[in-house]
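> Here's the letter readout for the chains.
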Amino acid sequence: AQSVTQLDSQVPVFEEAPVELRCNYSSSVSVYLFWYVQYPNQGLQLLLKYLSGSTLVKGINGFEAEFNKSQTSFHLRKPSVHISDTAEYFCAVISYFGGFKTIFGAGTRLFVKA
Amino acid sequence: GAVVSQHPSRVICKSGTSVKIECRSLDFQATTMFWYRQFPKQSLMLMATSNEGSKATYEQGVEKDKFLINHASLTLSTLTVTSAHPEDSSFYICSAVRLAGGPSYNEQFFGPGTRLTVL
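Those protein sequence lines, which keep their order, are chains A and B. The first sequence runs 1 to 114 under this note's numbering. The second sequence runs 1001 to 1119 under this note's numbering.
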């Protein structure tokens, strides 16, 4: 079975500082990995995805993530954060076991301070 | 891009009443839609998978008689919370799957969510 672990429940960071949100997955088959952002009282917005090919994936709002198969990780990074990046971030993997499903991590709350 | 809408965005109801939430894919056909529930400061919990023209598949622990799901067309799925109680208060999010044209993953798009408050 596939699973996703987000190692940090909260990440406080100062504005314009770099940030990394960690995500590890477990899967015995090919993986499709995603990062979503959720602002308060809103649905999920796709930041970026890894399907195949280049292991460095660039997304919206200046975010990028690197797929590392040997470490089973898909960490999200941004070189310089803004106050507006304060939100909940979810790492997810698609599972085709028993039908198409998205498995979400527990989420990481990014809090950007002035 | 693909858009999924939910209606209503917020609903407040009295205990014992039923509430219907609609999920629509506005510019694509979705044979599969998902319903999630999200408690404050928690992740999304999959409640059920809704397939057009067939019965929904519920996750373990989700009461199918309480959370009625209907997927009557390729663009509409509804979730009805029957005899709602305060513990049903939550944020409900749907998603719709757009089928890939070939052997690729099926892209999933999320609705904006519905905040249900049961008094």
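FYI, nobody ran anything at the bench for these hints, they're computed from the structure. Any given hint could be a false lead.
[As the list claims (entries may be wrong)] Capping the alpha-carbon separation at 20 Å, the derived lysine to aspartate or glutamate pairs in DMTMM-like fashion look like this:
1. Lys101(A) - Glu15(A)
2. Lys49(A) - Glu1107(B)
3. Lys1041(B) - Glu66(A)
4. Lys1014(B) - Asp1027(B)
5. Lys49(A) - Glu20(A)
6. Lys1041(B) - Glu88(A)
7. Lys101(A) - Glu1052(B)
8. Lys1041(B) - Asp8(A)
9. Lys101(A) - Glu1059(B)
> If any of the earlier hints don't hold here, list their numbers in rising order.
1, 3, 4
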